[in-house]
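Position chains B, C and D against the provided structure of chain A, taking the given hints into account.
Protein chains: 4
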Amino acid sequence: MAVSYTEATNAGTEFHLADHNLSNTDTSANTLPFSTVKLPHLIDYLHDLQAHPNPLEHNQFYHPTDGFYITESDVILRHIVQDLSSPLHSAAYHRAGPRNRVFFDPSQTRAAIVTCGGLCPGMNTVIRELVVALWDLYGVRQIFGIKSGYRGFYSMEPVELNPKLVHNWHKSGGTALETSRGGFDLQKIVDAIQDRGFNQVYIIGGDGTMRGAVNIFDEICRRKLKISVGGIPKTVDNDVGIIDRSFGFQTAVETALQAISAANVEAESAVNGIGIVKLMGRSTGHIALHATLSSRDVDCCLIPETDFYLEGKGGLFEFLEQQLKDTGHAVLVVAEGAGQNLIPRTDAQKEEKDESGNPVFLDVGGWLKSELKKWWEREHPDELLTVKYIDPTYMIRAVPANATDSLYCTLVAHSAIHGVMAGYTGFVSGPINDSFAYIPLEEVAQAKNGVDVKDHKWAWVRSITNQPDFARK
Amino acid sequence: MAVSYTEATNAGTEFHLADHNLSNTDTSANTLPFSTVKLPHLIDYLHDLQAHPNPLEHNQFYHPTDGFYITESDVILRHIVQDLSSPLHSAAYHRAGPRNRVFFDPSQTRAAIVTCGGLCPGMNTVIRELVVALWDLYGVRQIFGIKSGYRGFYSMEPVELNPKLVHNWHKSGGTALETSRGGFDLQKIVDAIQDRGFNQVYIIGGDGTMRGAVNIFDEICRRKLKISVGGIPKTVDNDVGIIDRSFGFQTAVETALQAISAANVEAESAVNGIGIVKLMGRSTGHIALHATLSSRDVDCCLIPETDFYLEGKGGLFEFLEQQLKDTGHAVLVVAEGAGQNLIPRTDAQKEEKDESGNPVFLDVGGWLKSELKKWWEREHPDELLTVKYIDPTYMIRAVPANATDSLYCTLVAHSAIHGVMAGYTGFVSGPINDSFAYIPLEEVAQAKNGVDVKDHKWAWVRSITNQPDFARK
Amino acid sequence: MAVSYTEATNAGTEFHLADHNLSNTDTSANTLPFSTVKLPHLIDYLHDLQAHPNPLEHNQFYHPTDGFYITESDVILRHIVQDLSSPLHSAAYHRAGPRNRVFFDPSQTRAAIVTCGGLCPGMNTVIRELVVALWDLYGVRQIFGIKSGYRGFYSMEPVELNPKLVHNWHKSGGTALETSRGGFDLQKIVDAIQDRGFNQVYIIGGDGTMRGAVNIFDEICRRKLKISVGGIPKTVDNDVGIIDRSFGFQTAVETALQAISAANVEAESAVNGIGIVKLMGRSTGHIALHATLSSRDVDCCLIPETDFYLEGKGGLFEFLEQQLKDTGHAVLVVAEGAGQNLIPRTDAQKEEKDESGNPVFLDVGGWLKSELKKWWEREHPDELLTVKYIDPTYMIRAVPANATDSLYCTLVAHSAIHGVMAGYTGFVSGPINDSFAYIPLEEVAQAKNGVDVKDHKWAWVRSITNQPDFARK
Amino acid sequence: MAVSYTEATNAGTEFHLADHNLSNTDTSANTLPFSTVKLPHLIDYLHDLQAHPNPLEHNQFYHPTDGFYITESDVILRHIVQDLSSPLHSAAYHRAGPRNRVFFDPSQTRAAIVTCGGLCPGMNTVIRELVVALWDLYGVRQIFGIKSGYRGFYSMEPVELNPKLVHNWHKSGGTALETSRGGFDLQKIVDAIQDRGFNQVYIIGGDGTMRGAVNIFDEICRRKLKISVGGIPKTVDNDVGIIDRSFGFQTAVETALQAISAANVEAESAVNGIGIVKLMGRSTGHIALHATLSSRDVDCCLIPETDFYLEGKGGLFEFLEQQLKDTGHAVLVVAEGAGQNLIPRTDAQKEEKDESGNPVFLDVGGWLKSELKKWWEREHPDELLTVKYIDPTYMIRAVPANATDSLYCTLVAHSAIHGVMAGYTGFVSGPINDSFAYIPLEEVAQAKNGVDVKDHKWAWVRSITNQPDFARK
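Protein sequence lines correspond, in order, to chains A, B, C and D. Just so you know, the UniProt record's numbering puts 430 at position 430 of the first sequence, and the rest follows in order with no gaps. Just so you know, the UniProt record's numbering puts 3 at position 3 of the second sequence, and the rest follows in order with no gaps. Just so you know, the UniProt record's numbering puts 78 at position 78 of the third sequence, and the rest follows in order with no gaps. Just so you know, the UniProt record's numbering puts 221 at position 221 of the fourth sequence, and the rest follows in order with no gaps.
If we strip away everything but chain A, and leave its shape as in the complex, we get:
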């Protein structure tokens, strides 16, 4: 069975904090096809920490019943699609939820919340729920927002937050705390956390942010501070691994459909009309894939995980030519990161990096539009062609969360708080097969979530669009 913090305490010296094998598993003791993933805990390095009864015990209106508190033996299995012809094995993660003991005295708790990276629907909802739940459930009264991302820890005054102030934040997209990329300076950040007396740090951000959070967590361990770090994965692209999806993703897909619908209208209303929609997704095509499966309008979906080509047999032009002949119009959905290897790059473009240090992505939609026009003029100089290109990126990521994502935001925020109050640290909360669990920060920071083009979700796309597989022969 998994290592609970009490056993860890008992085990004491064997606990190798230095090499961070927190995600190690221990399945030797039984024959179960699971291994429970260990979760870092303050007591791993602060062995004398005192636990208190959970303040939820004293709520005026409701009374925790049997089963209300989650125990260490409650786990969530990760791999549920099994091929029975192979040996089974699955990781199991600790289930999220309130524990019967906590390691923070609410009156001594000082929480900081920060948002980093790009916008994503639901950020304000997560912040709001962190504030309201810390306040209402656990009675925490010192809650602060860090402005402008990581750099805000050391360069700006924190903003004091309370339920009244954040009451309507969820109605607006974006983040009322503002966000930025970069600005990560480990020592300055941890110094600031320490100086300001924060003992709970909630970090909302993507994979880059989570890698920073791992460093902050490591440094806090090194300094043996009683500060818990809870992460909440934010990635509109859905490229963070292990978790099912991140908040805002369903809203992004919903909003993307508006752009696809517009592209379809433009295409259908023209003679030989082609609509192109570029959707977010630098390394993964999840939004493009889900939008394609949700819409009835997409004829071809291009994602970073599969190559494609334009000319020749089995190529995009051949397919589109057939499509225009059959129905008079076509709609292409293309993920931001698709086809980057096909677009000619100037020397300057080869050098350029974005604010997070990633290579600059070229505009695949604009390139496709121009290639399509050149091709048509070459092949059908006397026929009309209309290509309309829509890039709805900023209109997608700036909307408030829809109902599905709002519920997610509530659960992910409450989960994070329950975990942090219970003394866990260096973890994120997130859904695994639709149940919220705790996952070590380090695992999440390293896991990638690409579209598995050998899997059925991608097969669905191909069966719906009837698009070529670009397996040139």
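By construction, these hints were calculated from the structure, which means they are not laboratory data. These numbers come from a predicted model, not from an experiment. Heads up, a few of these hints could be off.
No copy is singled out in the list; a pair is fine if it fits within one copy or between any two copies.
Straight line, CA to CA, 20 Å or less: simulated EDC-like cross-link-like pairs of lysine to aspartate or glutamate [claimed, not checked]:
| id | residue 1 | residue 2 |
| --- | --- | --- |
| 1 | K457 | D244 |
| 2 | K457 | E305 |
| 3 | K373 | E352 |
| 4 | K369 | E352 |
| 5 | K457 | D434 |
| 6 | K448 | D307 |
| 7 | K188 | E383 |
| 8 | K454 | D66 |
Relative to the frame of chain A, chains B, C and D by itself:
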């Protein structure tokens, strides 16, 4: 391992069709903590049936790759939240998706589609996807819609369907095939199916409909007809068991939020304003629960699975009084089936039954409104009170599916077709832990999906609303 | 004309007609077919009042150009549809907009804003714009909200308002100031206005509210106080006369379409399905009429301005029978006040009055539903009939204003401020033939705006729905 | 003036002036300050044309009452904002609506409908309403859609239309008839109209299209054909003159607000965030202006009708610097045609023309973004700046019409039909001061509708945004 149809054929005589133990499991052969649920198959009673290669093999544009076809050893685990301190056990269901062999020749296939019961967002999308996928993927050209529910089999002409006709159906709520309750006449229905030469029957409906479908399937088995019956669970209340949720549910929750938001505006804009929203859910409170978790406006959520009371310590009035004192307003969400035991019933009402033969539900929202007014007049005769009551039922169930549900509709329809083409029968397709699987009709017809008020989802609600637990002491 | 300002004018030897006579109703001097409607002004009874240059002169960024200030000779014609075969005559109203002189020193200005009566989309937007424009344009710093309608003047503390506080109010429906009906106590209200030192009072409400505002204005005149009263008509029913329409009306129609669409889906998805939608409109059918013209789904629209009957030749049942025969379904839209004379009333109901003292309206939608069912059972006992009834009232009036209404809210609020600052009083601002004008409060309080069933708007409805004219012969 | 009707009138002894002289432009006989604008009529050049009673007489369900038919003396005044200090004069237009006599026998009527130019919300609604009203009201059974704009008359087969086919067209944006620019060949078009036997031609398009329609009308007059030409102005930019606005405009503004809201969220969520939204409007800034007045988020609105400059005192940079200092963010709305004189043009760009022969517009939004970044790097090299640029054009013009525009589409289509049936030709139908009227095609083809920056609508913008007036000193 699970019984594949070939083994079943080999096993021959042991196959006890009479007692329908199709949901029996077989785990004796190994030590896995799973038992794979057996799925009925045409070959169970038509032992000489010939299989053909899947027509997907011959698609012009794409080529099934390794792993494209699902095998009998691909299963989905049902129970993924585990308490490691107890012995583990989970049912496992066959994964949905194309099989490499099919038991229908598309040119001989004659499919019928019927919708029964109340409206639910996405019905038209499911119909459309059944038609388009049968046509485009498998080359089926004889596809018919049965009008007006079960009675339409024997009392109305079927409507011939094709992709062009259904092209835009998903843009409208409701069902273009029309629907009705009742009208189930087993012999007439199976006679009509036989007379019209249908060999695939797709039935979209709720638990009552699924019980009818089981009977149809049994009768077809009895007559040893080569007719596959595929079910698609439709229940806006989400009261069908085993599957995660049914299509339209997320859309219903999303739309319910509009009503809650309106109730909140009404409440906030009045002196001592109370807004009541009644949401669908006769036996279960899923919509109420999810809407409460998605909204930030609900102060109290009442569902059929828990009792409540109005007067006295720990009662609803006490809670609302406090709420009005603290914030000046309150919002109640109440599921249709909540509090039915509290509402006084006239003798006539005690007798009355609805079209499906269920006891008539009394209007809990109207009753609450009137009780609240009486209470206030009694307790605070000189103070204003405004109670606004919203019943958005028909505005919720009549909208088209949102993106999340649209994707579900696509997958559930394609899954059903792949299963039926592969010769399975007497099953439904539906998601289990987010992956589509096949489940015996009979299991689904009997399973209930209530809100587990001992589980954490309900605890979330209580932690968000801070509402009383009505555990009178 | 009844209002006291005429007497004031008569009395006024000190009144410098040279400056202000343009607002006299005087067309004798010329042959114009217009008569300009006189507007009350503080100087009517405070003859020595000093004017100042408009503070807009000193704006940092822009500079009033020629034509920026509206003069007394700028008017808006009311009657623009003319029958040239009759003698022409039209009232003309003073155009709204900034005047080059004002009668309030911003530093001495103390403004109060109150909302009365039922909810209407845009109330919060109007409040917000009053606050922001008083602050930003004229430099007023003392702005107060009166809570809970008229009774709030004398029974509650005013809330101090500023642009930061109201910044996002327009995103929520309803009124953040809360509202109520009744509570009108003239002396207490004017005493309170005087005691608290308010010298500008902005009153947002319907015809009842405007009749109250006339009394307040009269009493202020009687007391010769330097207090301007500006009204902003609010009526989601659009039953206030003279003005084109009030804010929120377009939003209400837009939202009503959702209910009609749902009713249509319910009707189309059933065998012999009838959908009924009850829309707001006690004395007038504007919302029903506009929604019918905007939708493509309505088969019959019933409004208070025309009688109808159920049975017999040319009756509703005959029409619906034909409709069901032709298309299988029908959608009825019925205004709240339609058919009140047809519904049987119990003695208790004959006595009952609502909070504003009006006779209680019976539920015409529920009555129609029940009559339809009885009729069908009588005439077609063996055929199915489904009647679904939707009352979307609270979901319509609680939404925020759409773009068209938001623009209206901006202009009506700015118009009111410009008028009040210029010393006008006892007036409302509102659009006449799409241009904002000033209208005496008294005129507006008395004018009714019914649907003219002899006019073409109603003829449009009849040509679209093809419904009977209920002109029994 | 090109049109033959004046000559026809002069020539016309057979012309029964008693019936038709009301449409003369003749005010000499009285002292009215109006002149009624004459409308072309088939009888102007086909003097023996027979009139019939209006088929509306024979409707089953309703009976035209007094005042149902519009007479020639019903007019709409155009200028209703008057300066009483100047002499008054206004044009008056014939009111739209059914006439008691028609000049087409429905059984002999053959109508053609064509859409030209770019997309605009509501096109499909107008087409649908034309088809349904011709069919239902007047009993016309030969109704055809011309595909692909003007070129479709002579290069494609017309599509036969009927109410069942077009039933749901209004639910989709764009035009189901497809559209294109160019392809105008007068002789080929009129030959095709004649060859195919069309005698009613409904042309939906913008100012360019209307200029083409004038030529078609002239040529038809020259050939003395009994073919009526009715125009329906379509311009999402609202740049067509005389009429209040064209259909789709309110929808465009509503949809533009989504982009502005997104830009505001992006700006507010960043450190020194600037959001830029480019809105449609090549020669006029109506959409930008209305969106600015409807939103609460715009800090500066730039339109083609006013110049602006970037650097120096009173320039855009100075204003934005102040804005960022005050609030930390800013939102710019810029019409497509604004600042074209400021953007450096390459020689190639100086030559380039679009499909309609207009000079190519450069991307003012992209240029502003790049200039802003250069300026900031120069002035504040160490401070963050985030500029997000949104171009929502295709997402705006491809949506279906909202309620307000849908009503407009109904009225404009019915108006056009009533006019054409009554024998008018060479006219458009459109709203003048909110009442539908008939206007000679030629007038509309020549009239421009710019934003009058001396008028108050523009002053409203400036008072709301507080933006500079760019009146450099």
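Do the hints match the structure? See the list:
| no. | hint | result |
| --- | --- | --- |
| 1 | K457 x D244 | both (14 Å within a copy, 18 Å between copies) |
| 2 | K457 x E305 | within (13 Å within a copy, 36 Å between copies) |
| 3 | K373 x E352 | between (28 Å within a copy, 16 Å between copies) |
| 4 | K369 x E352 | between (23 Å within a copy, 18 Å between copies) |
| 5 | K457 x D434 | both (17 Å within a copy, 12 Å between copies) |
| 6 | K448 x D307 | within (19 Å within a copy, 46 Å between copies) |
| 7 | K188 x E383 | between (63 Å within a copy, 19 Å between copies) |
| 8 | K454 x D66 | between (44 Å within a copy, 7 Å between copies) |
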